[in-house]
Amino acid sequence: MPRPWSYSQYGVGSSMMELMARRRRPEGSALSPEQRPAEKRLAEQKSAGQQPAQQQSGRAKRVKRERAPQPFPIDRKARLRIPPHHVTKQLPFERIHNWDEVYHGYTPEPAMFEAQRCIQCPAAPCIKACPIGNDIPGAFALLEIGKLAQAAAVFRATSEMPELCGRLCPQESLCEGDCVVGKKNKPVAIGKLEAFLGDWDRKRRGGFPVPHPRAGESGLTVAIIGAGPAGLAAAEHMRLEGHAVTVFEAWPRGGGVLRYGIPNFKTAKYIVDEKIDALQKAGVNFRFETRLGRDLSWADLDAYEAVFLAHGAGQGKKLRLSGEHLNHVATATEFLVRANLPDPDLPAALHGDPAIREHLVVVGGGDTSMDCVRSAIRLGVEHVTLLYRRTENEMVGREEERRHAREEGVLFEYLTTPVALLGENGDVKAIECVRMELGEPDESGRRRPSPIAGSEFVLEADAVVVAVGYDIGHEFLAEEAGIQVNDWGGIVVDDDGRTTRPHVYAGGDNVRGADLVVTALASAHVAIDAMRDDLEALTGTRSDRGAGHTSPASGVAD
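Per this note's numbering, the sequence shown runs over residues 3 to 560.
Be careful, since some hints might not be right.
Stated by the list, open to error - Simulated restraints on C-beta separations:
#: 1; residue 1: A350; residue 2: D102; range: 27 to 37 Å
#: 2; residue 1: E481; residue 2: K319; range: 18 to 28 Å
#: 3; residue 1: A539; residue 2: D497; range: 16 to 26 Å
#: 4; residue 1: P75; residue 2: G184; range: 20 to 30 Å
Unchecked claim - In the SDA-like style, the derived pairs of lysine to any residue whose C-alpha atoms are separated by at most 25 Å in a straight line are:
#: 5; residue 1: K268; residue 2: Q92
#: 6; residue 1: K271; residue 2: K130
#: 7; residue 1: K320; residue 2: E174
#: 8; residue 1: K268; residue 2: R449
#: 9; residue 1: K130; residue 2: D498
#: 10; residue 1: K319; residue 2: D498
#: 11; residue 1: K91; residue 2: K271
No wet-lab data here; the hints were simulated from the structure.
The C-beta atom is built at its ideal place from N, Cα and C for all residues, glycine as well.
Build the full structure now, drawing on both the sequences and the hints.
See below:
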């Protein structure tokens, strides 16, 4: 249970006390002396035209926004004395038996209390550390005085999915890592508060905001390849502009990594479903199980005024070791989708639960490897081991995920790398490993591992999951497509997200490599602005197409 708390005991009185007093005061009753100053200040701010941030109907051209003025004085030293209010979570012995989200999340009053820990520093380094520039202090200034809808609107002004980013971003290396409060105390729980506001806002609305066109139908068409975070963001903004949008997705359902890469205990799938539903209500057409190069040609895409490539980076890397072909050796994606999703959400080739064995070994060191080991625990695997060739200090994933994995019973073998997979009758039975030592830093800044002679040993393993990263699949980018890729497979774009093929744009992991949901959104935002500009230039010459036209590839009236 959360610890009991009160506002006055920390000497911060101010905004939260005033809010609670106003809530208790009946309509039209007189103000008490201690209430009058705050009410007067708020009235003066309002009369001067200084309003809190309101929800925007959609993101217009990205310009530098003025921070909303704080409607009451800030005692930053007093705020630094407020202790953190942590959200509760399932205990390890409970959560290993279910797939529910680990964290229970905030409720309104504790969230308002935690938001009051934000000292509203003028430099706002948290905004600069956020890849999409969320106005975090502006949202929290509204949250702490109980303006939850307006606070949620601040996040939605820059993020298409704050409830998902709040759950999935590694805040300790982004906004919370730069939080000034965190220099002497725990940082403000930015991610958990962002997720709370998104969830609260969806609950009161009955789902995500529906991006209806702001100014009628444009008569222009946009094709989007991929229904992951970048693709969904592009679909939302192109629909807001009034364009007819068709999203082509190779998997049976939408969401990309949100559905097919992230386990349920980190993000409930119904949130992704609600996002897809809101876009469909707005008129976005989804074509699932449709793969470019197999079911869709570049000639088909030429019928659209703009094409946005958002197919991500979902091709699992290989170990390139002998024995990798053996039965019960799987990529991270293959293992995770079978563990987390029902058969109707999967291609026929991936139907069926992953084979449950007694000794499962996962090779890798990022968040995906943590998703794999923690999913294996929930599947009932008795011995789950992670192999990583460096130490925990060099791991790139979230410390929280590693802590949760240890709590749930995962064994970590650091400074260990596999050299061969050993089999019997076609099935994997063991992994030959070698111990490593760290030398000088490599190009990533992490110390380079090298094998220790004579340290080889064999580890029992009747199932192996390879989680060593992802490549960008671009088999459909044939030479005739005219789209340039770089040496590591990323699509080459200019500063505005335009590819080397006219009217084709790209953003997300297929441009920058496998990364975060929020960095995929940031990359997509660049291309979205360019698409908006280029399509606006066409509207004057394409007025003859009018509204209610038929989408070229689908044959379905929009």
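Numbers of unmet hints, in rising order: Structure breaks hints 6, 7, 8, 10.
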